[in-house]
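A.B. asks: This note's numbering puts the first residue of the sequence shown at 994, with every later residue one more than the last.
Check each hint, because a few of them may be wrong.
The calculated SDA-like cross-link candidates involving lysine to any residue, where the alpha carbons are at most 25 Å apart (straight line), are [what the hints assert, rightly or not]:
| # | residue 1 | residue 2 |
| --- | --- | --- |
| 1 | Lys1091 | Arg1221 |
| 2 | Lys1227 | Arg1106 |
| 3 | Lys1210 | Arg1149 |
| 4 | Lys1210 | Ala1197 |
| 5 | Lys1091 | Ala1197 |
| 6 | Lys1091 | Pro1226 |
| 7 | Lys1091 | Val1035 |
| 8 | Lys1227 | Val1041 |
| 9 | Lys1227 | Pro1125 |
| 10 | Lys1227 | Asp1123 |
| 11 | Lys1091 | Thr1046 |
| 12 | Lys1091 | Arg1222 |
| 13 | Lys1210 | Glu1160 |
| 14 | Lys1227 | Glu1157 |
| 15 | Lys1227 | Ala1146 |
| 16 | Lys1091 | Glu1048 |
| 17 | Lys1091 | Glu1161 |
| 18 | Lys1091 | Glu1130 |
| 19 | Lys1091 | Gln1102 |
| 20 | Lys1091 | Arg1106 |
| 21 | Lys1091 | Glu1160 |
| 22 | Lys1227 | Glu1160 |
| 23 | Lys1227 | Arg1137 |
| 24 | Lys1210 | Val1147 |
| 25 | Lys1091 | Leu1105 |
| 26 | Lys1210 | Glu1161 |
| 27 | Lys1091 | Pro1164 |
| 28 | Lys1210 | Ala1247 |
| 29 | Lys1227 | Gly1104 |
| 30 | Lys1091 | Ser1081 |
| 31 | Lys1227 | Arg1149 |
| 32 | Lys1227 | Val1240 |
Please keep in mind that the hints were generated in silico from the structure rather than gathered at the bench.
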Amino acid sequence: MSAYDPSSREPDQLRDQMRRLFRHRAVIAAGLLLGAACGGAVSTAGGVDYTATGEVVVQAISTAPFEAGGVSADKQISMGTERQVARSATVAGRAAEKLGGGADPAQLQRGLRVSNPPDTHILEFEYTADSPQAAAERVNAFVRAYLDHREAAVVRRIDNTVAELNEELQPLIDQREELDEEIAGASTESARQTAESERANLAARIADLQGRVTGLKTLDTSPGEVVRRGEAPKAPSGPGIAVLVPVGSVAGLAAGLLAAWIRSLLDPRARSAGEVRTALRAPVLGSLPRRRDGAGILEVGPSRGGERAEEFRTIALRTLRHPRLAEPGGLLVVSAREHPGTLPAAVNLAVALAETGRDVLLVEADPRTPRLAGELPVRGAVREPVPGRWPDGARATVDTGTAGYLELVPGCRVPDAARALNSPGFTGLLSGAAERGEYVVAVTAPLLSHADGTAVAGLACGVLVVCDPDTTLRDDLDRVRDLVTSVGGHVLGAVLYEGGRRRRRNPSPAAPSATFEPAEPASPAGDAGTGGGPRTGTGPGGTGEDTVALKRLEPQPSDARLDTAYGSYGRYRRTGDGTAPRP
């Protein structure tokens, strides 16, 4: 299967969607607990119900096996109509009379349910009450009331038909009596025969009517047969707490998952490396674990090992492999909004680059709130910039341990930040990095808060964006990319901070400590602003009046630089006289 086939990426997309969903674990857990609580509340508030069942076979009433048209009388029963009759108020009134005690028919109807199984003449009466005895008594009362109502209706209909036939029969009987008298007093034979013929026809009609009356009076008026009487149920009919709580939990879990899914869709934050990569259209070069409490700004070095230090080294290596930084140049480290990890990322990335043997210059391009000079171990006095011409002349040397020394251009408060960042001196720092053969790592104010980063992004070979996926918005990352590309810059990638999320740390082995040789006496001709002469200031363990010589790490061959940076700290040793390192 091809890697470009969309179906091959479906498992990754599914895993990413599941990760997005389970970021909102609190919502899912809240839905689960709320559903379980609602199930328990329904079980407690609803009480316990019992249901009794009675069954009746509805019988058809007919004087002949088949009615007109040859249709069986059984087929003439409408079970839908019978079901409606069983639920009617008339039947409920009869049931109330049978139960006695002034029961309300409308109240009795609420607990009744009548159903008809398909292709049968059976009516099922189900009654639900709060006690088994009440359920059985009421369902039997409704069964009896329905049968009585149906029988009474049939009897009433038969009585009405018989009365109508009797009304039709009486004149015929009277007429027959008159014909009898006429036959008895007939004077001629022809008159007598005529009267007898009329009487015979009349007698046939009377016999037919009398037969119909007799058939109606002898008709079986049984409305149906009870095939199952209602009995007191032994167990509640409704689901108990053992059922309602799990059902409520499942429903709550489904609601929580739906809420989490909707929230993940509406979440504007870039909650994963994939979303950061999509927004910046650049790779994620590294993800830094949570910073230890009380850790200083400088974390990379043999005496400052750990997971974060190794991650900085990995980021530095990946940055160096980028085609735009194959040769020395400028690198801007910036964040979209205010982020506390921007300065540590820039400083430690510069140190990690210095560990590879590169010449590195760290530039604090922040003319508003400079603070690096006070937080880094600066050797010697910080050279102040030429008045009104920052960064011209501003220099400091930072001792980074066995990585050597970094040149630092500290920030300086200036009245016109835009003029300072666009001055020829600052432009030369970044654009002239290739000619000087050094890598310049610049850090500036948040790109979306000030225009400082926009001015620097166009001068650097690449821009490294520092962000916390838990707090950074996708729209902010889109704007960062648009701003950088609009000034001719290029986003190399992103560095992710885990923020408040904890991650288990693997203890890193202690790195061998570097061997420092005594400093040479200070030379009067030394320049306090350069990296080759003696410098006065407060060094490690110094009093502020000690004179020490700068120690540097000799450049290594290209095939040994990475070895120096990634774990072989004990192979090299710094010297004070600039000699080659010895094992």
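A.B. asks: Enumerate the violated hints, using their earlier numbering and listing them in ascending order.
C.D. replies: 5, 7, 14, 15, 17, 21, 22, 27, 28, 31
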